[in-house]
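Protein chains in written order, with the UniProt record's numbering: chain A, 1 to 518; chain B, 1 to 518.
No lab work stands behind these hints: they were computed from the structure. Each hint should be verified, as a subset may be incorrect.
Because identical chains share one entry, a pair is satisfied inside a single copy or across any pair of copies.
Quick list of in silico lysine-lysine cross-link-like pairs, BS3-like style, CA-CA up to 30 Å [claimed, not checked]:
| hint | residue 1 | residue 2 |
| --- | --- | --- |
| 1 | 26 | 149 |
| 2 | 340 | 311 |
| 3 | 98 | 507 |
| 4 | 487 | 156 |
| 5 | 98 | 340 |
| 6 | 72 | 488 |
| 7 | 507 | 340 |
| 8 | 453 | 311 |
| 9 | 340 | 72 |
| 10 | 433 | 72 |
| 11 | 156 | 488 |
| 12 | 156 | 311 |
| 13 | 481 | 26 |
| 14 | 311 | 488 |
| 15 | 507 | 453 |
| 16 | 507 | 444 |
| 17 | 507 | 210 |
| 18 | 156 | 498 |
| 19 | 26 | 156 |
There are 2 protein chains.
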Amino acid sequence: MKDRIIWAAILWCFAILANAHEPVEKWGIFELRLEAQPPGNPFVGISLSATFTNGTETYSPEGFYDGNGVYKVRFMPGTEGTWTYETLSNFAGLNGHKGEFVCVAPSAGNHGPVRIRNTYHFAYADSTPYYPFGTTIYEWAFQSDERKKQTIETLKNSPFNKARMLAVPPFGDRYQSGPDSLHHFPYEGTPPQNWDFSCFNPEFFRELEKCVTDLQEIGVIADLILFRPYDHGRWGFDTMTPECNEQFTRYMIARFAAFRNIWWSLCNENSFIRHLTDEDWDHLFQIVETYDPYGHMRSIHNAGRIYDYSKPWVTHVSLQYYNAVRVPGVSALLRDLYRKPILQDEINYEGNVSRRWGQLSGDEMTYRFWNTYIGGAYATHGEAIEGGWLSNGGLLTGTSPARIAFLRGIVESGPAEGLNPIDQYYELNMAGKPGEYYLIYFGKENIREWPVKLPDNELEEGMVFQAEIIDTWNMTITLVKHTFQLKKLDNYSFVDEKGQSIQLPGKPYQALRLTRIE
Amino acid sequence: MKDRIIWAAILWCFAILANAHEPVEKWGIFELRLEAQPPGNPFVGISLSATFTNGTETYSPEGFYDGNGVYKVRFMPGTEGTWTYETLSNFAGLNGHKGEFVCVAPSAGNHGPVRIRNTYHFAYADSTPYYPFGTTIYEWAFQSDERKKQTIETLKNSPFNKARMLAVPPFGDRYQSGPDSLHHFPYEGTPPQNWDFSCFNPEFFRELEKCVTDLQEIGVIADLILFRPYDHGRWGFDTMTPECNEQFTRYMIARFAAFRNIWWSLCNENSFIRHLTDEDWDHLFQIVETYDPYGHMRSIHNAGRIYDYSKPWVTHVSLQYYNAVRVPGVSALLRDLYRKPILQDEINYEGNVSRRWGQLSGDEMTYRFWNTYIGGAYATHGEAIEGGWLSNGGLLTGTSPARIAFLRGIVESGPAEGLNPIDQYYELNMAGKPGEYYLIYFGKENIREWPVKLPDNELEEGMVFQAEIIDTWNMTITLVKHTFQLKKLDNYSFVDEKGQSIQLPGKPYQALRLTRIE
C-alpha cells in the first residue's frame with residue numbers, strides 16, 4: 001500500500017513536471033513541444049491543434065511538425081493569468097495532451113501585436129500608437145549571419161519600424177552556389193527543381209524565425225511576404241499548386257502567428273504570378289483569416305492588376321503605385337475609397353541603379369514620404385544605392401533616412417489620433433486635427449508668403465495659434481515670432497484677425513505647423 | 001358552311017388586327033397597351049410582364065399601370081426581324097395576350113443603348129464610340145415647357161451628350177406654390193406630406209418620359225438619378241421605406257428601361273440619405289440589374305461615404321471628389337483600382353454663387369476636364385452662374401463649354417479606342433495610344449520647351465512623328481514645322497534623333513499632340 005502511494009506520488013510529480021511550464025509574458029510565445037513518430041510522412045495527414053483557454057477567451061492554433069520527431073503548438077496569450085490547453089490530433093500520440101501555464105505582465109517594450117485604430121491608423125494591443133515608417137529588405141533573412149547582424153544594427157539606428165521581407169528568397173544563382181549559397185530551402189530537396197513539396201525543411205523556417213525575433217527585439221514589425229513571383233521558371237516556388245500554396249500558408253501561420261510583430265503580406269507583386277487569379281488570393285486570404293488566431297494585419301502587394309482592397313479580409317491597403325505619392329491629396333482619396341489604413345508600400349527607391357524604380361534622389365524620396373503622411377497615410381522606404389539594402393540589408397547610405405526620422409519625430413509628436421487630412425475635398429496639402437493642429441506641406445512650390453487661412457471645421461473666433469516653419473530637407477523647425485488670432489472670413493474659413501501672413505523662404509520642401517495655444 | 005367559313009375568316013382578321021402592330025425600329029420602343037379593371041388599387045398586387053422572343057433571344061420586361069384602366073409593357077428590341085410576345089399576369093384580363101411585331105432597321109442617329117467598350121470606355125450598341133461629355137441639369141425636367149424647350153435648344157448647341165438629371169425634384173417651396181408650382185408629383189396626394197405611396201401618379205412620369213425622349217432626339221444620354229436626399233424632412237421622398245424604394249425603382253424600370261438613352265444613377269450624394277446603408281443600395285442595384293432587361297449603365301453618386309464601386313453590379317464609377325481632378329494622374333489610378341470606366345461626375349461647377357462648390361472659373365473647369373480625359377476618364381460639367389443651368393437648365397453663359405467642345409473634338413478625332421494613359425505609373429500627364437498618338441497636357445505649368453521624349457512601349461527607332469501645340473484655352477492647334485524621328489535613349493524611352501525640343505509659349509493650359517506619320 002505504501003509502495004503504491006509512493007508510486008502514485010511519483011507519477012503525479014511526473015505528470016505535473018511533464019506539463020509544468022515556465023510563465024510566459026503577455027504577447028510572448030508559449031510553445032508546446034510534443035514528441036511523436038507517426039507512420040509515414042510526418043507533414044502529411046497529421047492534424048494537430050491545441051485549444052487554449054483562460055475561461056473567458058479560447059484560441060485553437062494549429063501545430064506544426066518541426067523535424068526530428070517533434071511537433072509544436074505555439075500560442076500568444078493576450079491576457080495575464082492562468083491558461084490551460086488540450087491538444088487535438090488525429091494521431092493518438094499527439095491527442096489529448098493537457099496542461100497549463102501562467103501568463104505574466106509584458107516586459108518593457110512589449111506592446112503586443114498591432115491593431116487598427118481610428119479606421120486609418122494603428123496601435124499596439126496595449127493602445128500605444130504605432131505609426132508605420134517602413135523600409136524594404138526583401139532578402140535580408142537569407143544573408144550571412146554577419147550581414148544580418150549588421151542589418152539589425154542599421155535598423156536599430158534608423159527611423160524604420162516595419163520591414164517588408166520575403167519569407168522565401170527569389171531565385172538567384174548566388175543562392176545556389178558560391179559564398180552566398182543557401183544551406184536551407186523551404187522544402188526538402190535540392191535546387192533548382194528537385195523539391196518534395198510534401199516535406200517542409202524546418203531548419204529553413206527556424207532561421208527565418210530567428211530573423212523575426214531579432215526584429216521584434218528592436219521594435220520592428222516583420223511585414224512577412226508569403227508568396228513572390230520571382231523564380232522565372234527555376235525553383236518553382238511561385239508555380240506550386242493551389243494545394244501546396246494553402247499548405248505553405250498554414251505552415252507559415254502555425255509557425256509565425258504567435259510572433260507579435262508579424263504582419264501578413266500575402267504576396268509581393270501578386271499579379272506577376274500568372275496562374276493565380278483574384279479568387280485564388282481570396283482563398284488564401286481566407287486561410288490566413290481562419291488560421292491566424294490573433295488577426296494580425298493582412299494585405300497584398302500589387303503589380304499591374306490591383307487586388308480589390310475593399311474585400312473584408314484585407315485589413316489595410318498595401319499599394320504599389322508610384323504616381324500616387326508624386327502629387328498631394330491622393331492618399332486622402334484612397335482613405336475615403338477604402339476606409340482602411342493606406343500604406344504606400346512601394347514608392348520607388350532612393351538609389352542609382354539602372355532600373356528606373358531605383359533612381360530616386362533623397363529629396364524626391366523625402367517628398368514622397370511627406371505627400372503620403374500629409375494625406376493621412378503611411379509610406380515605405382527602400383534604398384537601391386549600388387544595389388544594396390533593398391535586397392540584402394546591410395548599411396543605409398542614402399540621404400532620405402535622416403529626413404524620414406525627422407518626419408517621424410513630427411508625426412509622433414503630433415495629434416495622438418494620427419494625422420488626418422483636413423478638408424480633403426478642397427485642400428490638397430493639409431493634415432492634422434481640426435481646431436488644434438495643422439501641418440501644411442508646400443512640396444516643390446517655392447512659396448514666399450502664406451496668408452493665414454484655415455478651413456472652418458472646429459474653429460472659433462478668438463482662437464490663437466502659434467506657427468513654426470519646418471524645413472523638411474534641412475530638418476529645422478523655426479518658431480514664427482508672432483501668434484495668430486483667428487476671425488471668421490466666410491462660411492468656409494478663418495483668417496488671422498490682423499490679416500497677417502507667414503513669410504516663407506521661397507524654396508522647395510517647406511512646411512508649416514500651426515498649433516493652437518489659446 | 002359558307003357562313004361559317006366567312007365568320008372564321010372575319011374572326012381571324014380581327015385576331016390579326018387586334019394584335020397587329022406597327023413596325024418598330026431597332027432600339028426603338030414597342031409598347032403593348034392593355035385595358036383592364038382589376039378590383040382594388042391597380043398599382044398593388046397586380047403582376048404583369050411580357051415575354052418577347054425572336055426565337056433566339058428572350059426578354060421579359062415588367063409592365064406598369066399607366067392610369068385610366070390602361071396597363072403597358074414596353075420593350076426595346078435589339079435585333080431586326082419578327083418578335084412575338086405573350087403576357088403573364090396574375091390577373092386573368094392581363095394574362096395570355098399574344099401577338100407579334102416586326103423590328104426594322106434603326107433610323108439615322110439611332111445607335112442603340114450605350115455599352116462598355118475596352119474596359120474603360122463606351123460605345124453604342126452599333127459599335128459607334130460614345131465619349132461621355134456630361135453636364136448637370138438636376139431639375140430641368142420640372143420646369144416650364146418653354147424653359148425645357150430652351151434647355152434642349154442649348155444642349156443641342158453644346159458639347160454635352162450626357163445630362164445628370166433627377167427623376168424626382170428636390171423639395172422646394174417654389175414647386176409647391178407660385179408660377180413654378182408642380183402640377184404633378186410622383187405619387188397621388190398633395191404636398192407637403194399627404195402622399196399615398198401605394199399610388200404612383202402616371203402623369204408625372206409621362207412628363208419625365210417626354211424629357212427623356214427630347215434628350216434622345218438630340219443624342220443626349222439621360223443619366224437618370226432615381227433617389228436624392230433633398231427633402232429636408234418635408235416631402236419625404238427621401239425617407240420612404242425600403243419597400244417603397246424598391247417599388248419606385250421597379251416602376252421606373254418598367255417605364256424607362258426601354259428608352260435607349262437611359263443610364264441609371266441610383267442616387268445623388270447617396271450617403272446623405274442617412275437611413276439607407278450600403279447594403280440597402282446593394283439591394284437596389286440588384287433590383288435594377290434584375291429588372292432592366294437591357295443592362296443600361298448603372299452607378300451611384302457619392303457624398304462623404306463612398307459606395308464601393310468595385311461591386312459587380314456597378315458598371316462604372318460616378319465619383320464626386322473634387323481634388324481627384326485638381327491634380328493629374330488620379331483618374332488613371334482610379335481606372336487601375338476599379339478596372340471600369342471612370343466618370344468624374346461632380347468636379348465643382350463653373351459659377352459665381354456663394355457656395356464654394358459653384359465658384360470655378362471657366363479656365364479651372366477646363367483644366368479639370370483636361371486632367372480627367374488625360375487620365376483616361378470622363379468628366380461632367382455644371383454651371384452655377386447666377387444660380388442657373390445646374391438646377392433649371394435654360395441657357396449656358398460660362399466660358400468653359402466652348403473649351404469643352406474643343407476638347408471633345410480632340411478626343412473624338414483621337415484614337416478610336418479612346419484615350420488611355422501612357423505609362424501611368426511614371427507619367428502623370430500623358431494619354432493616347434502607344435506607338436501612334438500622344439496627348440501631353442501641361443496644365444498650369446508655364447513650359448517653354450519640351451525635349452521630345454516618349455515612353456518606349458510600342459516605339460521603334462526610325463518612327464516619325466508630327467507635333468501640334470494645342471492651346472486648350474484659346475482653342476488653337478499649331479503644327480510644329482519640323483517632324484521628329486525617334487531613336488532609343490535607354491530601356492525606357494525614345495527621343496528625337498537630332499535631340500530636338502519643342503518650343504512652347506510658356507503659359508498655362510498648353511498641350512502637345514504627337515501623331516505618328518511614318
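Hint-by-hint comparison with the structure:
1. Only within a single protomer do residue 26 and residue 149 lie at most 30 Å apart by alpha-carbon distance; the minimum there is 27 Å, versus 74 Å between protomers.
2. For a Cα distance limit of 30 Å, the shortest separation of residue 340 from residue 311 qualifies both inside one copy, at 11 Å, and across copies, at 17 Å.
3. Taking the shortest alpha-carbon separations for residue 98 and residue 507, neither the intra-copy value of 68 Å nor the inter-copy value of 79 Å comes in at or below 30 Å.
4. Neither within a single protomer nor between protomers do residue 487 and residue 156 lie at most 30 Å apart by alpha-carbon distance, with minima of 46 Å and 47 Å respectively.
5. Proximity of residue 98 and residue 340 under a CA criterion of 30 Å is satisfied in neither setting, with 40 Å inside one chain copy and 55 Å between copies.
6. In this assembly of identical chains, the alpha carbons of residue 72 and residue 488 never lie at most 30 Å apart, being 65 Å within a copy and 58 Å across copies at closest.
7. With identical chains, the CA atoms of residue 507 and residue 340 are never at most 30 Å apart, being 34 Å at best within one copy and 40 Å at best between copies.
8. Proximity of residue 453 and residue 311 under a CA criterion of 30 Å is satisfied in neither setting, with 39 Å inside one chain copy and 40 Å between copies.
9. Taking identical chains as interchangeable, the C-alpha atoms of residue 340 and residue 72 are never at most 30 Å apart, the minima being 35 Å within one chain and 48 Å between chains.
10. In this homomeric assembly, residue 433 and residue 72 never come within 30 Å of each other (Cα to Cα): the closest approach is 47 Å inside a single copy and 57 Å across copies.
11. In this assembly of identical chains, the alpha carbons of residue 156 and residue 488 never lie at most 30 Å apart, being 47 Å within a copy and 44 Å across copies at closest.
12. For the identical chains of this complex, residue 156 and residue 311 are neighbours neither inside a copy (35 Å) nor across copies (43 Å), given an alpha-carbon limit of 30 Å.
13. When the C-alpha separation of residue 481 and residue 26 is checked against a cutoff of 30 Å, the pair qualifies neither within a copy, at 48 Å, nor between copies, at 75 Å.
14. With identical chains, the CA atoms of residue 311 and residue 488 are never at most 30 Å apart, being 42 Å at best within one copy and 42 Å at best between copies.
15. With identical chains, the CA atoms of residue 507 and residue 453 are at most 30 Å apart both within one copy (21 Å) and between copies (28 Å).
16. With identical chains, the CA atoms of residue 507 and residue 444 are at most 30 Å apart both within one copy (8 Å) and between copies (19 Å).
17. For the identical chains of this complex, residue 507 and residue 210 are neighbours neither inside a copy (46 Å) nor across copies (59 Å), given an alpha-carbon limit of 30 Å.
18. Within a single copy, residue 156 and residue 498 get their C-alpha atoms no closer than 47 Å, and across copies no closer than 51 Å, so neither meets the 30 Å cut-off.
19. For a Cα distance limit of 30 Å, the shortest separation of residue 26 from residue 156 inside one copy, 24 Å, qualifies, whereas the shortest one across copies, 72 Å, does not.
This entry does not satisfy hints 3, 4, 5, 6, 7, 8, 9, 10, 11, 12, 13, 14, 17, 18, going by the numbered hints stated previously.
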